[in-house]
Amino acid sequence: MPSRVTPSSYLRNVLQNGVGRYVCQLQRVTLSFCKSTNPSRGARDFIENHLLEFTRNNPGVVIYLDPKRHHSPKLCVEYLNGRTETMSIDRYPAEDICQWLDHFRTRSGVQINRLRKNWHTDTPSIQGTWTPATNRPTSWNVTEFPCQEISRRLPDKETATERILSAAKALREGSPTNAAIGKETEL
Amino acid sequence: DETSESSELVEKVNSQLNSEDVGRLFAVVHLGGLQRKVTTEDLILVGKRIEADVGDRIILNKVLLVGSKDFTLLGRPVLHQDVVKVEATVVEKTLTRPIIRSYYRRRKKFRRFKLQRFPQSVLRINSIQLNP
Chain A
1 MPSRVTPSSY LRNVLQNGVG RYVCQLQRVT LSFCKSTNPS RGARDFIENH
51 LLEFTRNNPG VVIYLDPKRH HSPKLCVEYL NGRTETMSID RYPAEDICQW
101 LDHFRTRSGV QINRLRKNWH TDTPSIQGTW TPATNRPTSW NVTEFPCQEI
151 SRRLPDKETA TERILSAAKA LREGSPTNAA IGKETEL
Chain B
188 DETSESSELV EKVNSQLNSE DVGRLFAVVH LGGLQRKVTT EDLILVGKRI
238 EADVGDRIIL NKVLLVGSKD FTLLGRPVLH QDVVKVEATV VEKTLTRPII
288 RSYYRRRKKF RRFKLQRFPQ SVLRINSIQL NP
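From first to last, the protein sequence lines stand for chains A and B. In terms of the numbering used here, the first sequence is numbered consecutively and its last residue is 187. In terms of the numbering used here, the second sequence is numbered consecutively and its last residue is 319.
Bear in mind the hints are in silico, worked out from the structure with no lab data behind them. Treat the hints with caution; some may be incorrect.
Below, in silico cross-link-like pairs of lysine-lysine (DSS-like), each with a Cα-Cα straight-line distance of 27 angstroms or less [to be verified]: (1) B/295 x A/117; (2) A/117 x B/272; (3) B/301 x A/117; (4) A/117 x B/235; (5) B/199 x A/117.
Start from the sequences, fold in the hints, and give me the full structure.
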């Protein structure tokens, strides 16, 4: 599917999580597996070797073990916002299950979509939105445009044309001090 | 008179910096190869996996600019750590949606279809402090 027609959303998180303290959004994990068949071997390995470590590190997460005879293993996770995600872990090794469980632990539970923006803010501007009128003299409010006085070129450095003209004028007047040009050549 | 004007301006900014209340601040931070404009309680998405665990508070060191209502401090290119401190919490570490990589060569019976997911992290900006 092209990205134009996939469902999209804006960047968000659950309530104001992280403003004060961070609350882990993963609440319940149900691991269903078979005690005898081969596709659940990784799941059984995970339960034997890695599960207790995970529960020790995350006391806020409940884990249910659900043996189902001759069923393929599944991981069902529930988040604080009420969303549930199910994932098949058929023939997954124990290390992969560890990794996916860690992925679910670090998620906020909001649906994964195409994101339209990678930034969310409640205060888009602090100094105010820029307009052509910002930092301009207020007298311009009552001036009628086009105005000769305001539109004139600001006195900058002498241009090359002006310098040549002034030198030519000096020559014409009979004082052969081509100082302006001489200065330039020295530089 | 230009120098006196500028020194007056600098005095004004310094007096604001030394006062307790400067109002809400914003900052431009360099993060993950991008420059992001942030203020407190913002969420920003980083297209990379951050090593810190979720819930950890990190300091964003590369601050290019800090601004308040009345003044802006520009770094050349970054502001010193004594001037400003931007703190953020890692709120989420996820993957993107499956992105389709599909390509084929016509008349050659060649067709490939891949689904890719990339790591992502979401940060919540906690505080922007002047003279921390």
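Hint check:
1. B/295 x A/117: 39 angstroms, violated
2. A/117 x B/272: 25 angstroms, holds
3. B/301 x A/117: Holds - the C-alpha atoms of residue 117 of chain A and residue 301 of chain B are around 25 angstroms apart, at most 27 angstroms.
4. A/117 x B/235: Holds: residue 117 of chain A and residue 235 of chain B sit about 16 angstroms apart, inside 27 angstroms.
5. B/199 x A/117: Given pair residue 199 of chain B, residue 117 of chain A is violated - Cα atoms ~37 angstroms apart, limit 27 angstroms.
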